[in-house]
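If you read the sequences in order, they're chains R and U.
Just so we're aligned: the first sequence equals residues 1 to 114 in my numbering.
Just so we're aligned: the second sequence equals residues 1 to 110 in my numbering.
Note that these hints are calculated values from the structure, not bench results.
Each hint should be verified, as a subset may be incorrect.
Pairs of lysine to any residue, SDA-like flavour, derived with a Cα cap of 20 Å [claimed, not checked]:
#1 U:Lys57 with R:Lys42
#2 U:Lys9 with U:Lys65
#3 R:Lys42 with U:Lys65
#4 R:Lys42 with U:Tyr39
#5 R:Lys42 with U:Lys22
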Amino acid sequence: EPEVTQTPSHQVTQMGQEVILRCVPISNHLYFYWYRQILGQKVEFLVSFYNNEISEKSEIFDDQFSVERPDGSNFTLKIRSTKLEDSAMYFCASSVEATNSPLHFGNGTRLTVT
Amino acid sequence: AQRVTQPEKLLSVFKGAPVELKCNYSYSGSPELFWYVQYSRQRLQLLLRHISRESIKGFTADLNKGETSFHLKKPFAQEEDSAMYYCALIGNTGGFKTIFGAGTRLFVKA
Numbered sequence: 001e002p003e004v005t006q007t008p009s010h011q012v013t014q015m016g017q018e019v020i021l022r023c024v025p026i027s028n029h030l031y032f033y034w035y036r037q038i039l040g041q042k043v044e045f046l047v048s049f050y051n052n053e054i055s056e057k058s059e060i061f062d063d064q065f066s067v068e069r070p071d072g073s074n075f076t077l078k079i080r081s082t083k084l085e086d087s088a089m090y091f092c093a094s095s096v097e098a099t100n101s102p103l104h105f106g107n108g109t110r111l112t113v114t
Numbered sequence: 001a002q003r004v005t006q007p008e009k010l011l012s013v014f015k016g017a018p019v020e021l022k023c024n025y026s027y028s029g030s031p032e033l034f035w036y037v038q039y040s041r042q043r044l045q046l047l048l049r050h051i052s053r054e055s056i057k058g059f060t061a062d063l064n065k066g067e068t069s070f071h072l073k074k075p076f077a078q079e080e081d082s083a084m085y086y087c088a089l090i091g092n093t094g095g096f097k098t099i100f101g102a103g104t105r106l107f108v109k110a
């Protein structure tokens, strides 16, 4: 069964550095998402992406964040200048449709900002 | 505002006992509701959705629009049901984001 894959599984970075988290969604899916989960807290929506543009973003997704689909397979999340509070598990997900369609999640990237 | 509430952080039951994981939602339209599960060291995955009205691994969930609830139930819990369970909602405005409740950790004791 096809799966969403995320790399790396764990990323350690210093405050102020840029990080890029990578995801390969399921190939026939059209909708892509990033979520994050701070340790012990809920899974929070960051951004949804469709047809090569952001369709919705949360208030967490400020100017420090950006997403890109640079080719036909990858979907990336960039954090320009990381802060300590960006430390979290970041999940990529994809779905076939916007509605009536569940999310398929990757295993996540644990980002640690020191 | 869209909101999903799971009032219990932890639910501990004995094997063979009935389980009910509570979920209440707040949404002005007609949302689609889901239960996701995360077993130890596995990815978050769909368990069931209200539109399918199916039973998965013995679990069922009925959408009660009057009470705005979507509780997850299983008549006889098994040890392998121990996991983190998340109730989730898709709205039908804007980018169709899925929002999650805080999750309930189910622990089934032998």
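Indices of hints not satisfied (ascending): Violated: hints 1, 2 and 3.
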